[in-house]
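J.: Each chain, written out:
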Amino acid sequence: MPGPSTGPSGPSTGPLREVAIVAFGQSDHVRSSAETSEVEMLMPVLHDVVSRTGLKAGDIDFTCSGSSDYLAGRAFSFTMALDGVGAWPPISESHVEMDGAWALYEAWVKLLTGEAETALVYAYGKSSPGDLREVLTRQLDPYYLAPLWPDSVALAALQAQALIDAGLTDQGALAGIAARSRTAAEANPHAQLRGAVPAGDPVVAPLRTGDCPPIGDGAAAVVLAAGDTARRLCDRPAWIRGLDHRIEAHALGVRDLTDSPSTRLAAERAGYFARPVDTAELHAPFTSQEVVLRRALALDGPDGAGVRINPSGGALAANPVMAAGLIRLGEAAARIQRGESDRALAHATSGPCLQQNLVAVLEGETR
Amino acid sequence: MPEILTAPLVVEFPFTRSLGPVQSAFLTGLRERTVLGVTASDGRVVVPPAEYDPVTAEEIRELVEVGTAGTVTTWAWNPAPRRGQPLDTPFAWVLVRLDGADTALLHALDAPGPDAVRTGMRVRIRWAAERTGAITDIACFEPDESTGDDGRTREPVAHDGQFPDLLTGITAPARLDYTYSPGAAQSRYIQALADRRTLGERCPACRKVYVPPRGACPTCGVATSTQVEVGPRGTVTTFCIVNIKARNLDIDVPYVYAHIALDGADLALHARIGGIPYDQVRMGLRVEPVWADGAFPHSPEDMGAAPIPDHYRPTGEPDADYDSYKELI
Ligand SMILES: [Zn+2]
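Quick note, the sequences are listed as chains Z and U, same order. Reminder that position 256 of the first sequence reads as 256 in our numbering, one-by-one numbering, no gaps. Reminder that position 87 of the second sequence reads as 1087 in our numbering, one-by-one numbering, no gaps.
Everything labelled a hint here was simulated from the structure, so no lab data went into it. Using N, Cα and C, we set each Cβ at its ideal position, and we do this for glycine too. A portion of the hints provided could be inaccurate.
To be verified - Going by beta-carbon spacing under 7 Å, a handful of chain U positions derived as facing chain Z:
1) Pro1054
2) Thr1074
3) Trp1075
4) Ala1076
5) Trp1077
6) Gly1084
7) Ile1135
8) Leu1166
9) Gly1169
10) Ala1172
11) Thr1179
12) Ser1181
13) Gly1183
14) Pro1218
What the hints assert, rightly or not - A short, non-exhaustive set of chain Z residues, derived as facing chain U with CB atoms under 8 Å:
15) Thr53
16) Leu55
17) Asp61
18) Phe62
19) Asp131
20) Val135
21) Tyr144
22) Leu145
23) Ala184
What the hints assert, rightly or not - Computed Cβ-Cβ distance ranges for the label pairs, DEER-style:
24) Ser1041/U with Phe76/Z: 29 to 35 Å
25) Ser32/Z with Ser1041/U: 45 to 51 Å
26) Leu16/Z with Pro1173/U: 47 to 53 Å
27) Phe1015/U with Ile247/Z: 21 to 27 Å
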């Protein structure tokens, strides 16, 4: 059976079956989408991404989605979202209660096994109905952390202070990351926050409003295809050369918050360090987290000089929770499809302080 | 574009969680103003302790007692405390490495302002007056100006983890508040109910009429954009007899809850059947809505006063022919 030829250690030599992202679509990301239900927000994105391939919904072999019921407080909301897919007669379908990047991982594995030629991967999140900072406390350790209600900004701020104490960044450098991201987002019609954004007041110091991502609603989708099917559906498929995800120790106080060994390991396993990339789409919701990721991925050294980081504006420009990681893979793939990149890294994160990290290496064929 | 409807939605869980032996000893210890850690496979003392090694995932059970004072390893100033957090005045979030521990514990530090906090500062536990065996038995940390040679534990000391009345579980209440909005299709449906009309939506592809509409045809995966008034009369397609009284529901049991295919709809909705003895309800029974008086609900408690059919009652028409509704069962 075809499958990834990765051993227990060392970089992947690449999967035997080639799989590519052949289409990417996303909604505009907005502070509130109260006028639409989740499926009403998602459906135009699904139609858009499938139509880009020339396929019809019924042609897709496998569908996988990522979302969280806690965001909007709607139990089993992902089953409602399936209404937008056309799931009857029954389709082959799966869901992860994670960012859509992990749904993409599942779909990639499905294609590697040879059980599917094409897959639709989508993710959506509506943060507007609830209080996102409170909602995200519910993903924490229920014995030692959740009873204290430490919100997402507070935990990111602890990490930021650790970086400042270690001399790895300062508030000026963090503001520079924010400014670079939102300037880049001026070219991204889907972004929620773009252009000059003031550094603002401390939310939880040292993080100021400008260091934090916008809170908003949005959806994204990609189509994966294998081998010649991918070549047929897309002029320049973004081939997934490697894909891996790793997690840090469970407790924040056990970790070195200034580093991300899980990102580094996932990147190694995805084959990232073998050759330089020209683009990196990093899922760093907070400015300080980009500092950690750049360290883990050696993007600050000489090899990083030629790398365009977050040309989309990244999560600081639009951070629809559960979709923002999938969007990183989609943006990197779209850049390859447009011929603006030949080899790109895409990263997605989940949990507090970069708890879990996924790294993909995407390539376009030489023309 | 219909007016955007919203309603408050509260999701509340009283999670009951069991404890492993290490967590049990740690949380019971807090009740007794004793802080326990666990020795990891690499010899590090992990506080708060884990049941399994953070690196190797091996089961770890060797408990030690550590100090109640320690050192801040990183901090963040919280100028605006939020619901549920340890202090209701501005405070610092801190990771504290307690004396004798090699890892840090997250909590709040009561300090007058950010200028009074720095990484490396000495802090000590302020115990809650009433302790139940929870992380909140530590009320918070407070700055510790003492010199350190006051006889407090500096080195971890072996501990058997035994206390009277060891906890075996915790109850962790969680409440999240939302503002629910139903979206375009369901807003149209709810607004039509205010005029005592039932509004379905038609799929442009397969022509089926869905009621209540959800905005998309689950078969075709396209938006249902055409509104179609259905009913008010309909046919019972199937039913059940409810024998257990639901909480907060003032309806005598037994009663009948039924699927009803409204005339013109391609999907049955469900409602209570009244105005007929429960044991005389049958498939094919023709029914019509009995509307409740009321306004849009603004809280879940007001739902009973919503402008919705309170129940359906027989119309007196002859029963519908089975073939006319068999596709809708
Ligand atoms: Zn249809």
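J.: Would you mind marking each hint as holding or not holding in the structure?
T.: Okay, the hints, checked on the actual structure:
1. Pro1054: holds (4 Å)
2. Thr1074: Holds, about 4 Å.
3. Trp1075: holds (6 Å)
4. Ala1076: Since the shortest Cβ distance to chain Z is 3 Å, the answer is holds.
5. Trp1077: holds (4 Å)
6. Gly1084: At 4 Å from the nearest chain Z Cβ, Gly1084/U passes the 7 Å test, so the hint holds.
7. Ile1135: holds (5 Å)
8. Leu1166: For Leu1166/U, the interface hint is violated, since the closest Cβ of chain Z sits about 15 Å away, which is over 7 Å.
9. Gly1169: violated (10 Å)
10. Ala1172: Check passed: Cβ of Ala1172/U comes within 6 Å of chain Z, closer than 7 Å.
11. Thr1179: holds (5 Å)
12. Ser1181: Hint holds; Ser1181/U Cβ to chain Z Cβ min 4 Å, cut 7 Å.
13. Gly1183: holds (3 Å)
14. Pro1218: This interface hint holds because 4 Å falls under the 7 Å limit.
15. Thr53: Given a least distance of 15 Å, the restraint on Thr53/Z is violated.
16. Leu55: violated (13 Å)
17. Asp61: With Cβ-Cβ at 16 Å, over 8 Å, it is violated.
18. Phe62: violated (15 Å)
19. Asp131: holds (7 Å)
20. Val135: Hint on Val135/Z: holds, closest Cβ of chain U at ~6 Å, below 8 Å.
21. Tyr144: Status holds, d = 5 Å.
22. Leu145: Cβ of Leu145/Z sits 6 Å from chain U, so the hint holds.
23. Ala184: Cβ of Ala184/Z sits 27 Å from chain U, so the hint is violated.
24. Ser1041/U with Phe76/Z: 29 to 35 Å: violated (40 Å)
25. Ser32/Z with Ser1041/U: 45 to 51 Å: Hint holds: Cβ distance 48 Å, inside 45 to 51 Å.
26. Leu16/Z with Pro1173/U: 47 to 53 Å: holds (51 Å)
27. Phe1015/U with Ile247/Z: 21 to 27 Å: holds (23 Å)
Checked against the numbered hints listed earlier, the structure breaks hints 8, 9, 15, 16, 17, 18, 23 and 24; every other hint is satisfied.
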